[in-house]
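Peer 1: As you go down the protein sequences, you meet chains A and B in turn.
Numbering follows full-length UniProt numbering, in which position 129 of the first sequence is assigned residue number 129; successive positions increment by one, without gaps.
Numbering follows full-length UniProt numbering, in which position 88 of the second sequence is assigned residue number 88; successive positions increment by one, without gaps.
By construction, these hints were calculated from the structure, which means they are not laboratory data.
From the three backbone atoms N, C-alpha and C, an ideal C-beta is built for every residue, glycine too.
The following residues of chain B were derived to be distant from chain A, with all beta-carbon distances above 12 angstroms:
#	residue
1	98
2	133
3	153
Distance windows between CB atoms, simulated:
#	chain 1	residue 1	chain 2	residue 2	range
4	A	69	B	21	25 to 35 angstroms
5	B	95	A	241	41 to 51 angstroms
6	B	78	A	150	42 to 52 angstroms
7	A	168	B	38	46 to 56 angstroms
What follows is each chain in one-letter form.
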Amino acid sequence: MTDLTAEQTQALIARLTTLADDDLLLSHRDAEWTGHAPILEEDIALANIAQDELGHAMGWLELRKTLDGSDPDVLAFRRGPEQFCNSALTELPKSDWAFTMVRQYLFDAWEALWQDAAKASPYGPLAQAAALALREKRFHLQHTAIWVERLALGTPESERRTREALNAVWPYALGLFEPLDGERAGIDAGLLPDPTQVKARWLPLVTTHFERCGMTPPNAEPVARGTHTEHLAPLLTEFQDVNRQYAEVTVW
Amino acid sequence: MVSTFPTESAVWDALVHVTDPEIPVVNIVEMGMVRGVEIVGGRATVRFTPTFSGCPALHVIRQDIERAVAPLGFETVSVETVISPPWSTDDITAPARAKLEQYGIAPPDPAGESDPFVTLELSPVSCPRCGSFDTRMTASFGSALCKRMYVCNACKEPFEGMKSV
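Extracted from the complex, chain A is given alone in its bound form:
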């Protein structure tokens, strides 16, 4: 299909921007582990995952560019905190290893299932980009699922930290399924996955995994989309620093 209505185009732009923003920020948070991870292999793994997330963010922004002609670099490096559409989940500081793994696992499961649903979109460019990203994403999910299990069933200390991380992250993770402003037109037309249906696959998947690890997610209300924390502005200052300092540079 080629003909999108104005509302459908706006819906796609809203979702693509959100996906890109979440991937960009998580990439930054993961990259903060470089040189600091508990073992060398994990230093490398987190750097790999950060690189993948960055690649996916680029893919979503390139796709947005075909819809509205926007410049991916400008969107990534020149927007202020109030213009970012990420979930608060991805802007939270990296904290300890258990927090990083629990957050990444819940996010990976959400994004992999969303991408799996988006593969069926009649909007070809989205279906293609989702299929490509999913091939890579599933390696993250495999990796983080094993880490959650290892930490939860490890020592009393790792168990305690994992439980604390789950309690802290859960309301933010639920916020991933909050509908976006203007997205409805895309969902109703079948162009975009319905987050409610993605959640219906996500919830039993992650709950079962945590229960196997002896943990139950808390009862909590989702943190609404659009709610930012005080952590976003400092993150962006660091993330955008080089680009803002050397605005005239086009080739590195």
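Put chain B on the given structure of chain A with help from the hints.
Peer 2: Frame of chain A, contents of chain B only:
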């Protein structure tokens, strides 16, 4: 007027000299990264498919393609990125798989349909050094996005293996 521009097969021949910057023993044609070559007048278009979307070697490969094809005498050379169907390790040719193994990288298993959930390796990975199947994965991410780390229990050597995507 007779065209003086090179043929499509000349372009393919040139592309064989473009190696994968991260695995220099294999070239981009045998890795299945070149999806097509089109020549219209003095313009050559190479359709190229990236392996992993976050691969840091992408810019280098695109530049290398232009550098390899431009000297053939086209007016313009353009490299067009194609992401569908997504690149799969199943696209790697048999000779390239043999080269990978010789280089010390275990070639990937058949990828199959992409499901959101990967299970642990279905079939054991063979050690590229001694051929033993008594191997184990030591890290699920390696020195490049496309690789994982293994160790061989028989000859005790660590080695890299390609992920199946």
